[in-house]
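Enquirer: In case you want the letters, here they are:
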Amino acid sequence: MDVTLDAPSGAAALKLRSQMLFLNQPRQDPENLVLSAFAWNYRYLHETNHWARYHGSSAGVLLTLLRRSRDALASYFLETLESQERRRLLEQRQSGQLFGQPSGVGSLSGPNGARLEQDWLALYFTHQALMGGVDPPRAGGIAVDWAINRALHLTWFNSEGKGMLKHPDGLEPHLTAAPTSAPSPADVEIGRLNTRLLFECAAVLDETYMHTLGSVREVVDPALWNMTAHTIEGDYGLAYRIAERLAGRDVGAGCMLALIDFALNPVVPGLHRGVAAVTWDELQPVRRFAIAARSLADHSPDLEHAHPTSELLGAFHADTETATGLRVGRVDSELSSATSLQGAARQPVHFTEIIPNMTLTYARKLHEERRATPCSITFFGLNFVNEGALRFVRPETWWIGGNWWLFPPLQVSAGQYHWPAERISQDDATNLFLGTALSSALDDIVHGTGPLTKSHLPEAVLHDTAERKAINQELQEFTGLPLAW
Amino acid sequence: MSNELVLRGEESNVLLLAKEIASHPELADVCRVRIATTDEATDDSFGYGPVVEIIITLSSGVATNAAYDLLRRLISRARDRGDLTDRQDKAVRQGKNDAAGVKAQDEKEQQ
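Protein sequence lines, in the order shown, are assigned to chains A and B. Counted the way the numbering used here counts, the first sequence spans residues 2 to 486. Counted the way the numbering used here counts, the second sequence spans residues 92 to 202.
So here's chain A without its partners, still in its complex pose (with noise of 0.2 Å):
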């Protein structure tokens, strides 16, 4: 069932599949002014939190390539099929066959077919297998190894020059088989662990330097303390409960978001100058962060004890490294040639590039950000304190005077489509919007048997009668397939 469109949630949310920032604006009519406002802000930072962590990282950077490849594949895939085909393939769908099946949805356009499908299956079980836990999921009857080299082969391959480093001869991405130090399920309760969790850990504890630092402390309600402190004995806070354990005793908070940040900064063929070979261990993010939380047993980094500091943040990578023997990753490569949100949109590409595009010219500057300044994303909280909190103010212009790649640009509020109007048009918007659509209605065609789903989009435009069916041309004309929302 759709839960979010039928019902609005009350939830605010990141979408990563629309990369849509769901947040309603704050209470028309407030019983306690104050109280709403700050609740507004803390979950405004909380998503925001995760815009910067996730598109300021080199896992979110791969992600992001993975799944434009895994995209760009099903399109493919969509137009190489002849119209007989285009039929079997609505039939198959209606009938609960997916990609990976036996006489799957790929099968039926031959061999070619056969093998597009076993590359998509690659791109997207790697992707899943990135944000899931220390055990990968199952990989549907393809040998997991064979999966990951081969997406990391074609996401290289398809990204050369458009985010990723130039291909040398010779230097094929590829997994070595180093044997694995990484705790396994059965050693901790770590099974739940996943880089969600990573991220939203990240984002409550970045919650609590609003709690505790500056003059919000002051007037900040405690009914909202008492929130985060709950929401940290939940789910949210299992990463840290988890790596105090492997490390044998308690880990400060700092301490514990540049483990974060460690585990979500691997290396990354592609990204990384002169990096092809990677062990699975130094590339899973919850893998990395296991291993680099039971290192701490050993030694006690100076962050733990002292306010964050770059320089304390590159000691403590350089203590990380030696004791586990994972390297920190960085972008070396452009990500896009776009420097604004409005060049991104103007870009004449195919609907998959559309959303790839926007972000990576957020993550150029969020990457950017982070070798000028390499606490502001590890501590990310720390910006929204002091002075640095004047760009929370009002943070839907604060881009003005700089500082606008930190802001998830999409937005839904109260199911209605919002774009930072002062930046672009609204053609500039439309396209966004289509290219979210129709790039995320792929998944849903290709490994999907039910109706598009859609609760990542605002749902105001697909109630619009109207609106619904220019967006339903675009997806019929774009796919080939009298599909519709």
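Hints listed in this document are in silico derivations from the structure and should not be mistaken for laboratory results. The structure presented is a predicted model; accordingly, all values stated were derived computationally and were not measured. Just so you know, even glycine gets a beta-carbon here, dropped at the ideal spot from N, CA and C. Among the hints, erroneous ones may be present.
[As the list claims (entries may be wrong)] Simulated restraints on C-beta separations:
1) W147(A) - T128(B): 34 to 42 Å
2) A113(B) - P180(A): 49 to 57 Å
3) T128(B) - S301(A): 32 to 40 Å
4) A471(A) - A113(B): 44 to 52 Å
5) G235(A) - A157(B): 53 to 61 Å
6) R246(A) - A113(B): 30 to 38 Å
7) E190(A) - I146(B): 29 to 37 Å
8) T128(B) - T213(A): 29 to 37 Å
9) T177(A) - A113(B): 50 to 58 Å
10) L161(B) - A319(A): 21 to 29 Å
11) A113(B) - G249(A): 34 to 42 Å
12) Q29(A) - T128(B): 28 to 36 Å
13) T128(B) - A461(A): 26 to 34 Å
Take the given structure of chain A and dock chain B to it, following the hints.
Expert: Okay, now just chain B, sitting in the frame of chain A:
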């Protein structure tokens, strides 16, 4: 006959509301609170927190006494802390659910 109010929101906010209701003995006699989990969390979405539902069952006649005002204030304060949406299930849209009636009354009182 009883009235049921179903609100959906972030777990931390909803549980705090439940705790606040429980801390008022005058509400204990007239309303019952239940929490239900939802299946909204997905791996491709970063949320502010898990989403749950609170089901508040009111005894009949509550709307006219002070306990109702207190409950309404607690809910209003919870709405300040974060969005609480009334569950729009089929029954509500068809006007068959008591929760819809409670909500209409709530809005009327605020005017």
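Enquirer: For each hint, tell me whether it holds in the structure or not.
Expert: Outcome of the hint check:
no.	hint	in the structure
1	W147(A) - T128(B): 34 to 42 Å	38 Å, holds
2	A113(B) - P180(A): 49 to 57 Å	53 Å, holds
3	T128(B) - S301(A): 32 to 40 Å	39 Å, holds
4	A471(A) - A113(B): 44 to 52 Å	51 Å, holds
5	G235(A) - A157(B): 53 to 61 Å	34 Å, violated
6	R246(A) - A113(B): 30 to 38 Å	32 Å, holds
7	E190(A) - I146(B): 29 to 37 Å	31 Å, holds
8	T128(B) - T213(A): 29 to 37 Å	30 Å, holds
9	T177(A) - A113(B): 50 to 58 Å	56 Å, holds
10	L161(B) - A319(A): 21 to 29 Å	58 Å, violated
11	A113(B) - G249(A): 34 to 42 Å	38 Å, holds
12	Q29(A) - T128(B): 28 to 36 Å	30 Å, holds
13	T128(B) - A461(A): 26 to 34 Å	28 Å, holds
Checked against the numbered hints listed earlier, the structure breaks hints 5 and 10; every other hint is satisfied.
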